[in-house]
Amino acid sequence: MITLTLPDGSTRTHPEGVTGRELAASLSAALAREAVAIKLNGRLMDLDRPIREDAAVAIITPRDDDADALYVIRHSCAHVMAEAVQRLYPGTRLVYGPPLLEDAKYGFYYDVDAPEAITVDDLPRIAAEMEKIIAEDRPFGRREMSREEALRCLVGDPYKTDNVTNADGDVISFYTQGVVGQDFEDLCMGPHVPSTGWVRHFKLQNVAGSYWKGDENLSRLQRLYGNAFATAAGLQAHDRLMAELARRDHRRIGRDLDWFSFHPEAPGHAFWHPRGTILYQVLSDYIRAACRARGYEEVRTPTVLKRFLWERSGHWDNYKDKMYHFERERESYAVKPMNCPGSVVIFQAGHHSYRDLPRRWAELGFVHRHESGGEVQGLLRVRGFTQDDAHIYCAPDQVEDEAVTLIDFVFDVYRTFGFENVHVELSTRPEKHMGSAEHWDLSERALLGALARKKIDYKLNPGEGAFYGPKIDFHLTDCLNRRWQCGTIQVDFNFPEKFDLTYADRDNQPKRLVMLHRTILGSFERFLGILIEHYAGALPVWLMPVQVRVASLTERQLGAAAALAERLSGAGVRAEADLRNEKVGLKVRDAERDKIPYLIVLGDREVTSGMLAVRGRGRRDLGTMAPEAFLEHVRREIAEQTLP
RNA sequence: GCUGCAGUAGCUCAGGGGUAGAGCACAUCCUUGGUAAGGAUGAGGUCGGGGGUUCAAUUCCCCCCUGCAGCUCCA
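Counting with the working numbering, you get residues 1 to 644 for the letters of the first sequence.
Rather than coming from a laboratory, the hints here were simulated on the basis of the structure.
Values in this document were obtained by computation on a predicted structure and should not be read as measured data.
Take the hints with a grain of salt, since some may be wrong.
What the hints assert, rightly or not - Distance condition first, Cα-Cα at most 27 Å in a straight line; then the derived DSSO-like pairs of lysine-lysine: (1) LYS320 / LYS306; (2) LYS320 / LYS203; (3) LYS213 / LYS105; (4) LYS498 / LYS432; (5) LYS498 / LYS306; (6) LYS105 / LYS132; (7) LYS459 / LYS105; (8) LYS322 / LYS213; (9) LYS132 / LYS203; (10) LYS322 / LYS432; (11) LYS203 / LYS213; (12) LYS432 / LYS459; (13) LYS511 / LYS498; (14) LYS595 / LYS459; (15) LYS432 / LYS213; (16) LYS320 / LYS498; (17) LYS306 / LYS322; (18) LYS498 / LYS322.
Required output: the full structure, derived from the provided sequences and hints.
Structure (structure tokens):
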């Protein structure tokens with residue numbers, strides 16, 4: 001007899017060899033009906049596999065909030081899709097088909113080597129074939145053999161042979177959908193749902209290219225993406241999420257609201273339209289003021305600098321293929337991909353006393369990086385962008401305090417924009433690093449100390465630091481729970497060494513200083529892209545390019561509407577007038593489309609009474625108010641950076 | 001950079017070997033209106049660029065550019 005411990009802590013005694021299915025049946029008929037797999041001591045297993053020893057057991061049922069259930073269902077769905085593909089495209093070799101749990105969009109994929117091209121137009125056919133397989137409701141069966149046997153079975157299949165060679169353990173398993181030797185079978189460690197009928201709520205989503213083992217020198221494969229859920233509601237929720245992603249796409253919003261555009265004349269660069277430029281401007285005003293309030297000075301360094309600087313900084317060796325560079329009158333130049341070398345040139349040009357440290361030099365520098373073609377994506381990955389960069393020159397014993405201050409700064413900024421949920425990662429000394437162990441210890445201790453003092457939970461990435469020093473990265477979480485890396489604090493003693501940066505200490509001896517590189521927003525472009533998606537274009541009032549629109553009701557109010565817009569503009573509110581010869585319904589609709597925070601409709605009534613009829617973004621009728629009261633309200637929202 | 005797919009009016013898209021169409025947007029006129037689309041008329045396109053096949057190419061083929069989805073990268 002063996003003792004099985006259930007998730008609620010209770011125990012059951014069963015004969016050795018009892019299966020998950022039998023265990024479920026002993027608990028309740030409903031559970032037996034519902035069960036798709038079990039988790040045995042933390043490992044997912046098929047329902048039919050015998051349990052041979054005392055263990056903690058959980059019965060997995062189809063629930064969309066259970067990652068284990070989704071894992072099994074999606075994995076099984078990938079197998080069903082594989083069978084459908086092989087039926088429709090005979091000769092297709094299967095390569096690798098894992099479930100995905102982290103991805104917002106896709107739930108699984110299967111890389112296949114098919115004799116012909118499969119396009120998205122073929123997905124409905126494949127899905128229809130899958131429906132047949134699901135209707136046949138054939139059982140998933142597990143077959144185990146030794147590695148040698150498995151290799152014999154897979155002769156002629158380079159992909160699966162490779163998978164077997166790399167597989168852990170000595171037992172290799174195959175899963176059949178139906179009868180062994182007759183129906184579809186795939187090498188797989190499992191587990192799977194009891195039968196193909198358990199895969200119901202799925203969707204095939206996309207086809208894309210991929211490579212065997214991600215290596216472009218190896219075979220080109222086709223990757224078929226799909227998703228599957230435990231319930232119809234789960235699938236529906238996913239459809240809604242997909243629609244939401246499309247609705248929030250910053251590229252579409254940027255075009256619709258006339259904020260920015262992209263053109264072949266400068267691929268990978270945003271062209272900021274007048275309204276979008278206001279966003280850029282407001283953001284720089286904000287970050288400048290925030291830096292000034294925290295003891296920063298601002299510097300500006302050249303865009304084009306001579307090559308020898310980049311050679312000295314190490315960028316020429318490590319970053320050359322992403323740099324724009326050229327010759328001019330037999331001199332070599334490069335366009336800056338980073339601001340640090342320029343900052344260092346300024347620092348080097350003077351003598352520095354310990355009394356002056358730390359020096360915090362911010363630079364809103366525009367940098368160019370030639371990201372390769374396939375990597376460029378809207379504002380989120382561009383080739384030219386403004387960094388809210390800063391370099392802090394400090395004594396080694398000041399690093400921790402500076403890091404503490406910076407952490408506060410970062411959280412403050414994110415909170416201002418409505419991002420409360422920030423994920424922090426600390427990356428430490430990589431295998432290939434430079435600088436002394438002493439330096440590394442000091443820097444890592446400083447960052448760790450700062451995180452501890454701020455009581456911040458973080459993820460540790462051992463060995464993931466930059467070669468010149470450890471770093472803290474800040475990822476903010478948007479309304480769809482997506483994480484975006486924005487801020488970073490990097491300790492650097494490489495630059496101070498290379499450029500011989502020193503300060504005169506109390507004893508009048510030159511001492512080596514430490515440099516911190518930091519960004520908070522990261523890049524203006526990227527940060528604005530994230531903001532736009534987070535708010536679906538309906539940004540907080542203080543950021544909106546147009547904050548108030550005044551709509552005339554009839555021709556009689558043309559003058560009054562224009563005058564009101566003027567008055568608001570004069571009072572520091574970004575306002576415009578909608579004087580078109582159109583009905584209010586249309587003007588309201590357009591104001592909503594343009595995400596205008598406040599729409600004021602001026603009719604005879606308002607002109608006569610001197611009051612304003614105010615409508616807030618999103619069906620909010622704010623009633624009538626006096627112009628002074630409205631102005632006061634909007635100006636307070638702007639000043640206080642109120643969130644919607 | 002690699003793979004696949006795409007590029008037709010400002011936007012979203014239809015079409016198809018015989019030099020082009022819709023809706024929205026835009027302009028003008030009618031309407032003078034009360035909180036998510038009033039009506040009419042009109043203007044707008046070397047069908048991404050270059051080459052090839054053809055009597056004829058926007059349509060078929062090749063190359064390039066750009067975009068999208070992935071892969072890979074992400075000091």
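These are the hints, each one checked on the structure:
no.: 1; hint: LYS320 / LYS306; verdict: holds, 13 Å
no.: 2; hint: LYS320 / LYS203; verdict: violated, 43 Å
no.: 3; hint: LYS213 / LYS105; verdict: holds, 22 Å
no.: 4; hint: LYS498 / LYS432; verdict: holds, 18 Å
no.: 5; hint: LYS498 / LYS306; verdict: holds, 17 Å
no.: 6; hint: LYS105 / LYS132; verdict: holds, 25 Å
no.: 7; hint: LYS459 / LYS105; verdict: holds, 24 Å
no.: 8; hint: LYS322 / LYS213; verdict: holds, 25 Å
no.: 9; hint: LYS132 / LYS203; verdict: holds, 14 Å
no.: 10; hint: LYS322 / LYS432; verdict: holds, 21 Å
no.: 11; hint: LYS203 / LYS213; verdict: holds, 25 Å
no.: 12; hint: LYS432 / LYS459; verdict: holds, 21 Å
no.: 13; hint: LYS511 / LYS498; verdict: holds, 14 Å
no.: 14; hint: LYS595 / LYS459; verdict: violated, 37 Å
no.: 15; hint: LYS432 / LYS213; verdict: holds, 24 Å
no.: 16; hint: LYS320 / LYS498; verdict: holds, 18 Å
no.: 17; hint: LYS306 / LYS322; verdict: holds, 16 Å
no.: 18; hint: LYS498 / LYS322; verdict: holds, 22 Å
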